[in-house]
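> With chain A held as given, fit chain B onto it using these hints.
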Amino acid sequence: MVETALVDWSRLQFALTAGYHWIFVPLTLGLAVIMATMESIYVKTGDEFWKKTAKFWMKLFAINFAVGIATGIILEFEFGTNWSNYSWFVGDIFGAPLAIEGIFAFFMEATFFAVMFFGWDKVSKRFHLAATWLTGIGAAISAIWILIANAWMQHPVGMEFNPDTVRHEMVDFWALVLNPVAISKFFHSVFSGWMTGAIFVIGISCWYLLRKRERRFALASIRVAAIVGIVGTFAVMFSGDSSGVHAAKYQPMKLAAAEGLEKGGEGAPFSIVPGVEIPGMLSVLATHDIDGYVPGIEDILDGYTTSDGVSYPSAEEKIARGKSAIEAFGRYRELRDSNPEEAAAAREVLDANIDYFGYGYIDSRDELVPPVDLIYWAFRVMVGLGGALLLLMFVVLWAERRKRLEDMRWLLWIALLSIPLVYIAGQAGWIVAEVGRQPWVIEGLLPVKAAVSSVSVGAVKTTFFLFVAIFTLFLAIEMRIMIKAIKHGPNIEQ
Amino acid sequence: MITYDFLQHYWWFLIALLGGLLVFLLFVQGGNALIFIAGKDERQRELIVNSTGRKWELTFTTLVTFGGAFFASFPLFYSTSFGGAYWVWILILITFVFQAVSYEFQSKVGNILGRTTFRVFLTLNGCLAPLLIGTAVGTFFTGSQFYVDKSAVGDIASPVISRWANEWHGLEAVAEPFNVIFGVMVLLLAVSLGALYMINNIDDSKLDKNLRRALIYSFGGFLIAFLAVCYKLITMNGFAVDASGVVYLEAGKYFNNLLDMPVVFAMLLLGAVLLVGGVAMTLLKANSKRGIWLAAPGTVLAVMALFMIVGYNNTAYYPSTADLQSSLMLSNSSSSEFTLRTMAVVSLIIPFVVAYIAYFWRQMDKKSITSKELDHSDKY
Numbered sequence: 001m002v003e004t005a006l007v008d009w010s011r012l013q014f015a016l017t018a019g020y021h022w023i024f025v026p027l028t029l030g031l032a033v034i035m036a037t038m039e040s041i042y043v044k045t046g047d048e049f050w051k052k053t054a055k056f057w058m059k060l061f062a063i064n065f066a067v068g069i070a071t072g073i074i075l076e077f078e079f080g081t082n083w084s085n086y087s088w089f090v091g092d093i094f095g096a097p098l099a100i101e102g103i104f105a106f107f108m109e110a111t112f113f114a115v116m117f118f119g120w121d122k123v124s125k126r127f128h129l130a131a132t133w134l135t136g137i138g139a140a141i142s143a144i145w146i147l148i149a150n151a152w153m154q155h156p157v158g159m160e161f162n163p164d165t166v167r168h169e170m171v172d173f174w175a176l177v178l179n180p181v182a183i184s185k186f187f188h189s190v191f192s193g194w195m196t197g198a199i200f201v202i203g204i205s206c207w208y209l210l211r212k213r214e215r216r217f218a219l220a221s222i223r224v225a226a227i228v229g230i231v232g233t234f235a236v237m238f239s240g241d242s243s244g245v246h247a248a249k250y251q252p253m254k255l256a257a258a259e260g261l262e263k264g265g266e267g268a269p270f271s272i273v274p275g276v277e278i279p280g281m282l283s284v285l286a287t288h289d290i291d292g293y294v295p296g297i298e299d300i301l302d303g304y305t306t307s308d309g310v311s312y313p314s315a316e317e318k319i320a321r322g323k324s325a326i327e328a329f330g331r332y333r334e335l336r337d338s339n340p341e342e343a344a345a346a347r348e349v350l351d352a353n354i355d356y357f358g359y360g361y362i363d364s365r366d367e368l369v370p371p372v373d374l375i376y377w378a379f380r381v382m383v384g385l386g387g388a389l390l391l392l393m394f395v396v397l398w399a400e401r402r403k404r405l406e407d408m409r410w411l412l413w414i415a416l417l418s419i420p421l422v423y424i425a426g427q428a429g430w431i432v433a434e435v436g437r438q439p440w441v442i443e444g445l446l447p448v449k450a451a452v453s454s455v456s457v458g459a460v461k462t463t464f465f466l467f468v469a470i471f472t473l474f475l476a477i478e479m480r481i482m483i484k485a486i487k488h489g490p491n492i493e494q
Numbered sequence: 001m002i003t004y005d006f007l008q009h010y011w012w013f014l015i016a017l018l019g020g021l022l023v024f025l026l027f028v029q030g031g032n033a034l035i036f037i038a039g040k041d042e043r044q045r046e047l048i049v050n051s052t053g054r055k056w057e058l059t060f061t062t063l064v065t066f067g068g069a070f071f072a073s074f075p076l077f078y079s080t081s082f083g084g085a086y087w088v089w090i091l092i093l094i095t096f097v098f099q100a101v102s103y104e105f106q107s108k109v110g111n112i113l114g115r116t117t118f119r120v121f122l123t124l125n126g127c128l129a130p131l132l133i134g135t136a137v138g139t140f141f142t143g144s145q146f147y148v149d150k151s152a153v154g155d156i157a158s159p160v161i162s163r164w165a166n167e168w169h170g171l172e173a174v175a176e177p178f179n180v181i182f183g184v185m186v187l188l189l190a191v192s193l194g195a196l197y198m199i200n201n202i203d204d205s206k207l208d209k210n211l212r213r214a215l216i217y218s219f220g221g222f223l224i225a226f227l228a229v230c231y232k233l234i235t236m237n238g239f240a241v242d243a244s245g246v247v248y249l250e251a252g253k254y255f256n257n258l259l260d261m262p263v264v265f266a267m268l269l270l271g272a273v274l275l276v277g278g279v280a281m282t283l284l285k286a287n288s289k290r291g292i293w294l295a296a297p298g299t300v301l302a303v304m305a306l307f308m309i310v311g312y313n314n315t316a317y318y319p320s321t322a323d324l325q326s327s328l329m330l331s332n333s334s335s336s337e338f339t340l341r342t343m344a345v346v347s348l349i350i351p352f353v354v355a356y357i358a359y360f361w362r363q364m365d366k367k368s369i370t371s372k373e374l375d376h377s378d379k380y
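For the protein sequence lines, the chains are A and B, in the order given.
All residue numbers for the first sequence refer to the working numbering, where the first residue is 1 and numbers rise by one.
All residue numbers for the second sequence refer to the working numbering, where the first residue is 1 and numbers rise by one.
Chain A extracted, bound-state conformation (with noise of 0.2 angstroms):
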């Protein structure tokens, strides 16, 4: 029997790692793609400033970079630890995502680092940019391939179940590759890296601003980074616009719980928070159409009707159709070498009712619930942060521009301020996308408490509270090391 405890410990394990993961993964990807541009601006203008900037976001890169290597090493590692049978039961497919990572990002990363912190006087200017653009690119290409893996758990194509391997396999590379939903998720999650990358940037320039001190420093950061701030959040906006129509499409659930919409229809309203709605907006996100039909909870679990004619069946009838799936595989893997007819048969029956599976392991329809108030205002954190994040951007660059930035003190302790905030907004993002597929690991095929490990869940507990130690300490130390380091400047002006 799984103990459920096992199932919330693993899962309080990995959300750990990744949560930590993220805090640290966006500001790379934002601070290459800035840091990188202001050595461009160094090698076409040949003006030592720039490189003293750029050399100085790149310190506080590394220090960043480092703890976001060693958080990540645990997270690949803890689909085999803690989720074994995931691992094995859709390892065919999700595995070579992983190992291409490895190949084409990782290495690029490792190697191109290295040049670019220790290669100045060693190779020319332009092999040092290349080298530069190649570490942000390593990252962005890393971020590709473990979206197009997480894409698949959210929406899985291009497999095909096989009952006498007892996995999913991969029959089309190219439709995992090519998963629309994979390709709105790196948009938006790299271009919410940029996002990071320029509040980080600007509420640190900021703060040299109030202290009035790395007065062209900071103004030339801002500028710079403001400008691919606000390029990375209009991407995020554009692919969060499709990231939704993909969630009413594969995931309508998540879509329901992330607008509490217990009853949906046509025409359904967008919630801006509770009481407070906008009526026909949500349909026009979801579907592009007022009146197009978005599903609520209750219609997902009772079954429903799309305007097109679609039925989709109630979640008791999922559940028997996957419990139908289950028994029939256990029968055809009890019969298949001694009566292949009886085992046809069962044969038969598996395939018919595949497409829920994992419904089989489903007790109530409650289960089928995620945590609704958590992805409901989660997801209003990440809009709400997201737009008033850009505002910022846009009246910071304006009053740069306006050369009125640094009399606009309270602008300038705005901006330093909301470097948290826009960690906040990633992380709640991340609470919507996987918190919001709750039960499924792999969405409709396996459900989280069909994917575990056989470990105890006190070797769980003291894991978990090992890496609660262990990723604390180095955030702490990694705070304490940039405010030493911010403090102490990059002197450009001495």
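If you're looking for bench data, these hints aren't it; they were derived computationally from the structure.
Being a predicted model, the structure only gives us computed values, none of them experimental.
Glycine residues also receive a C-beta, built at the ideal position from the N, C-alpha and C atoms.
Keep in mind that a hint or two might mislead.
Label-pair ranges, simulated between beta-carbon atoms [claimed, not checked]: (1) A:Lys-461 / B:Asp-155: 21 to 31 angstroms; (2) B:Ser-158 / A:Ser-364: 14 to 24 angstroms; (3) B:Ser-151 / A:Ser-364: 21 to 31 angstroms; (4) A:Leu-473 / B:Ser-244: 50 to 60 angstroms; (5) A:Asp-308 / B:Asp-155: 15 to 25 angstroms; (6) B:Gln-325 / A:Asp-289: 56 to 66 angstroms; (7) A:Asp-366 / B:Ile-349: 46 to 56 angstroms; (8) B:His-9 / A:Thr-45: 51 to 61 angstroms; (9) B:Leu-113 / A:Ala-5: 25 to 35 angstroms; (10) B:Trp-293 / A:Thr-45: 58 to 68 angstroms; (11) A:Asp-289 / B:Leu-113: 36 to 46 angstroms; (12) B:Trp-168 / A:Ile-227: 52 to 62 angstroms.
Anything over 10 angstroms on all C-beta distances counts as not near chain A; from chain B, calculated [claimed, not checked]: (13) Thr-3; (14) Leu-17; (15) Gly-252; (16) Ala-280; (17) Asn-313.
Same frame as chain A, now just chain B:
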């Protein structure tokens, strides 16, 4: 003709290659194990940290890619071993996690724990990671206690395919002397490679002397462990697989594999000769610094040969002593033919990756690190 069987063997070859490269790149760990032994003063310790520090990410990345490649090509190993030998892998990961931050943090103002603590972390990773990885690889020959039942997926209440047969979850591996000797062998090899690498990479006469002394002891110890492992490999029972996939114990299986696969035998011998040659030329000629470039291919070849002995020629590469028929072999643990074929196409980029790494390595290491350089340029 590229058959499924060929693809499984091809992917095991790539796993062997990555394993070989990983063990070679453990020179970073081996070098760090010498921080407080060969580094007699602050400047020498700084030279060591900055020498290994410019390569640590390659080792780290190779480890991650090794894991990723195993996941993609032999997912049943990934799920069974990582989910079962839980504590061994968690310990290995934790040592690497501490290493990952220690380079960057150790010399920074405000690092809370102080420089020495981070260097102790580097040293601990340097000792424990090769030891634990070696011990874990030792179980490929001696076996582990686990059950695999794929039909368990049909059990709604408990659909777990792989189960460990004891509560030690991998720690029991140290009860088998062969595993421990294997681990010690890998550790001493890593230290030897670390010394050889730094002799080549650092231009400092005093440190050079210390490294050569460390190399004598570490390589002497390695040779003893290596001979013990070879003796045991020749004489021990191995886990053979018959034509119908049934696993059974065969006397001298691993030695038989060497005899059945003369190319692998030649790889092992050539690897050993290159390794010994690299060390010998370094120790016998006081100004010789290029030993690492013989020892490196020697290590890769020898490790590849060990992986081939345990995976090829109808051998169960991850045997179960709790239930022989649960043992993992290439045929029952690999990904599907389609995935292996697709990944085989992807793997064609590996030579390009190796080439650009080698090119940039050369660019960065053209000049040895000197004490003067640390005073005037970027450093850890």
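> Report the numbers of all earlier hints that the structure fails to satisfy, in ascending order.
5, 10 and 11
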